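S.K.: Residue-level listing of the chains:
There are 2 protein chains.
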Amino acid sequence: MGENIGAAARAMANFGLSDLRLVAPRDGWPNPKASDTAGKALNIIDDATVHEDVPAALADCNFVLATTARERAMSLPVMEVREAMSQLYTRASRGEKCAVMFGPERTGLENEDMALADAVVTIPVSTEYASLNIGQAVVVCAYEWFSHVHTAGATTFARSVAQPNALQAVPELATREQLQGLLGQLELALDDVNFWRVPEKKDIMWRNIRATLVRAGLSEQEIATWRGVVKALRGK
Amino acid sequence: MGENIGAAARAMANFGLSDLRLVAPRDGWPNPKASDTAGKALNIIDDATVHEDVPAALADCNFVLATTARERAMSLPVMEVREAMSQLYTRASRGEKCAVMFGPERTGLENEDMALADAVVTIPVSTEYASLNIGQAVVVCAYEWFSHVHTAGATTFARSVAQPNALQAVPELATREQLQGLLGQLELALDDVNFWRVPEKKDIMWRNIRATLVRAGLSEQEIATWRGVVKALRGK
Numbered sequence: 007m008g009e010n011i012g013a014a015a016r017a018m019a020n021f022g023l024s025d026l027r028l029v030a031p032r033d034g035w036p037n038p039k040a041s042d043t044a045g046k047a048l049n050i051i052d053d054a055t056v057h058e059d060v061p062a063a064l065a066d067c068n069f070v071l072a073t074t075a076r077e078r079a080m081s082l083p084v085m086e087v088r089e090a091m092s093q094l095y096t097r098a099s100r101g102e103k104c105a106v107m108f109g110p111e112r113t114g115l116e117n118e119d120m121a122l123a124d125a126v127v128t129i130p131v132s133t134e135y136a137s138l139n140i141g142q143a144v145v146v147c148a149y150e151w152f153s154h155v156h157t158a159g160a161t162t163f164a165r166s167v168a169q170p171n172a173l174q175a176v177p178e179l180a181t182r183e184q185l186q187g188l189l190g191q192l193e194l195a196l197d198d199v200n201f202w203r204v205p206e207k208k209d210i211m212w213r214n215i216r217a218t219l220v221r222a223g224l225s226e227q228e229i230a231t232w233r234g235v236v237k238a239l240r241g242k
Numbered sequence: 007m008g009e010n011i012g013a014a015a016r017a018m019a020n021f022g023l024s025d026l027r028l029v030a031p032r033d034g035w036p037n038p039k040a041s042d043t044a045g046k047a048l049n050i051i052d053d054a055t056v057h058e059d060v061p062a063a064l065a066d067c068n069f070v071l072a073t074t075a076r077e078r079a080m081s082l083p084v085m086e087v088r089e090a091m092s093q094l095y096t097r098a099s100r101g102e103k104c105a106v107m108f109g110p111e112r113t114g115l116e117n118e119d120m121a122l123a124d125a126v127v128t129i130p131v132s133t134e135y136a137s138l139n140i141g142q143a144v145v146v147c148a149y150e151w152f153s154h155v156h157t158a159g160a161t162t163f164a165r166s167v168a169q170p171n172a173l174q175a176v177p178e179l180a181t182r183e184q185l186q187g188l189l190g191q192l193e194l195a196l197d198d199v200n201f202w203r204v205p206e207k208k209d210i211m212w213r214n215i216r217a218t219l220v221r222a223g224l225s226e227q228e229i230a231t232w233r234g235v236v237k238a239l240r241g242k
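Taken in sequence, the protein lines are chains A and B. Numbering-wise (the numbering used here), the first sequence opens with residue 7 and increments by one. Numbering-wise (the numbering used here), the second sequence opens with residue 7 and increments by one.
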């Protein structure tokens, strides 16, 4: 189905893949429905190659994985997708040409196509509904592939280069002294309004309140805001 | 879009999830297009609940993750999907009600919806084409969720022995409704004392204050304590 080819192309682009090979597509090629679901991955659609049969499509490949939903009595190693993509990544990094093969949605891969694979990839799914849409199966494989590219990138180019966005997103914590300023102000205000009622209870109550503010990991700006809140609520 | 809702439902069923909540669906509900792409996950479509706004949809939830493609200047922890689903699994195993929130495909989540989340989830994608289709984003999250269910099934005994301390250390969160109660009370109190001074500033100031309280991960008991603090400071 064109829609599935387009969805597969989009997932490939999202996860850094580009070489799409089609074997005897049911509705011919090109297929406008593929472009409809490919989003901005139109270059993958345009560059896709069409092959008469599976051996022709795999001719230049060194390592081939076959995806299947069914258990088969084939003498092939079976790997879960995480492990499979890890091995694929290792091989591709060495310059081996690797392929992941998907069958038609309803029927899956023929046994004679499976026989061309080095291993079978399975995706763990619920036993209640084990049939993945082919576009969604491509998403999972491509995502697992990219998680290796991504992780490798982070270690190769050093964390300081690879993770600036993640670091920026973590709020810059105020100093303990600034936090202490807010806590002191709040404690005084609560003393003032006789919040504790029974003095013996203050210790544990105050410890609990303090803990929530420490846990919030407040920035300098947020400390200032909260000091304003406490002051305003007291009407002072 | 109905097609995306259907694709999300299908991915949920494939990976053992079932509780689908929709907020003000653009084309109304029920939507036949959702059933068209849901495959055999029609029970999820039939059981989906429709909510007027995000706070209503999240009312009974203890822990909420927000997905976003964009980096935002929000003071929320940012986690990659693998780590995020690991934490979600730990919390859900303890009986906490957990949610993953997805925004409309084009615009994503509004900042005020993001402010209701405990953390932001990112999916590592290629910089060349970083925009995931929403159905595909659901596939990745649901797949990572299920990888924990799946692994846990294989090692139930080891986990229950090895992790009790780690599990105890995660605070038991209040529901979103309880948190909303505290936030509503605080907002009214701040309105009351004319805290914002300039009305245009309220939006961003209030969002920042709210974010610190969401981030603190308050328990039911702590919510009650803070409600007492706000009330006492107002001298009421």
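Among the clues, some could well be false.
With a straight-line cut-off of 27 Å between C-alpha atoms, the simulated BS3-like cross-links for lysine-lysine are [claimed, not checked]:
(1) Lys-46(A) with Lys-103(A)
(2) Lys-103(B) with Lys-39(A)
(3) Lys-39(A) with Lys-39(B)
(4) Lys-237(A) with Lys-207(B)
(5) Lys-208(B) with Lys-46(A)
(6) Lys-237(B) with Lys-208(A)
(7) Lys-208(A) with Lys-237(A)
(8) Lys-46(B) with Lys-103(B)
(9) Lys-237(A) with Lys-207(A)
(10) Lys-39(B) with Lys-237(A)
(11) Lys-237(B) with Lys-207(B)
(12) Lys-103(B) with Lys-237(A)
(13) Lys-237(B) with Lys-208(B)
(14) Lys-207(A) with Lys-237(B)
Hints are computed from structural coordinates only; laboratory data are not their basis. Just so we're clear, the structure is a prediction, and the values are computed from it rather than from any experiment.
S.K.: Checking one constraint from the list: CA of Lys-208(A) to CA of Lys-237(A), max 27 Å. Satisfied?
M.R.: holds, 21 Å
S.K.: Given the hint that Lys-46(A) pairs with Lys-103(A), test it: the Cα-Cα distance must not exceed 27 Å.
M.R.: This hinted pair holds, its Cα atoms lying about 26 Å apart.
S.K.: For a C-alpha distance cap of 27 Å, please report whether Lys-103(B) and Lys-39(A) respect it.
M.R.: violated, 40 Å
S.K.: Does the structure keep Lys-46(B) and Lys-103(B) at a Cα separation of 27 Å or less?
M.R.: Within the cut-off at roughly 26 Å; holds.
S.K.: Is Lys-237(A) within 27 Å of Lys-207(B), Cα to Cα?
M.R.: holds, 18 Å
S.K.: So if I understand the rule, the pair passes when the alpha-carbon distance is 27 Å or less; does Lys-237(B) with Lys-207(B) pass?
M.R.: holds, 24 Å
S.K.: Does Lys-103(B) pair with Lys-237(A) here, judged by a C-alpha cut-off of 27 Å?
M.R.: Distance ~36 Å between Lys-103(B) and Lys-237(A) Cα, so the pair is violated.
S.K.: Would you mind confirming whether the straight-line C-alpha gap from Lys-208(B) to Lys-46(A) stays at or under 27 Å?
M.R.: At roughly 39 Å apart (the allowed maximum being 27 Å), Lys-46(A) and Lys-208(B) break the hint.
S.K.: Do the alpha carbons of Lys-207(A) and Lys-237(B) lie within 27 Å of each other, as the hint requires?
M.R.: holds, 18 Å
S.K.: Can you confirm whether the C-alpha distance between Lys-237(A) and Lys-207(A) stays at or below 27 Å?
M.R.: holds, 24 Å
S.K.: Just to be careful, I want the Cα atoms of Lys-237(B) and Lys-208(A) compared with a cutoff of 27 Å; is the pair within it?
M.R.: holds, 17 Å
S.K.: Is Lys-39(A) within 27 Å of Lys-39(B), Cα to Cα?
M.R.: holds, 17 Å
Hint compliance for this structure: hints 2, 5, 10 and 12 are not met, and every other hint is.
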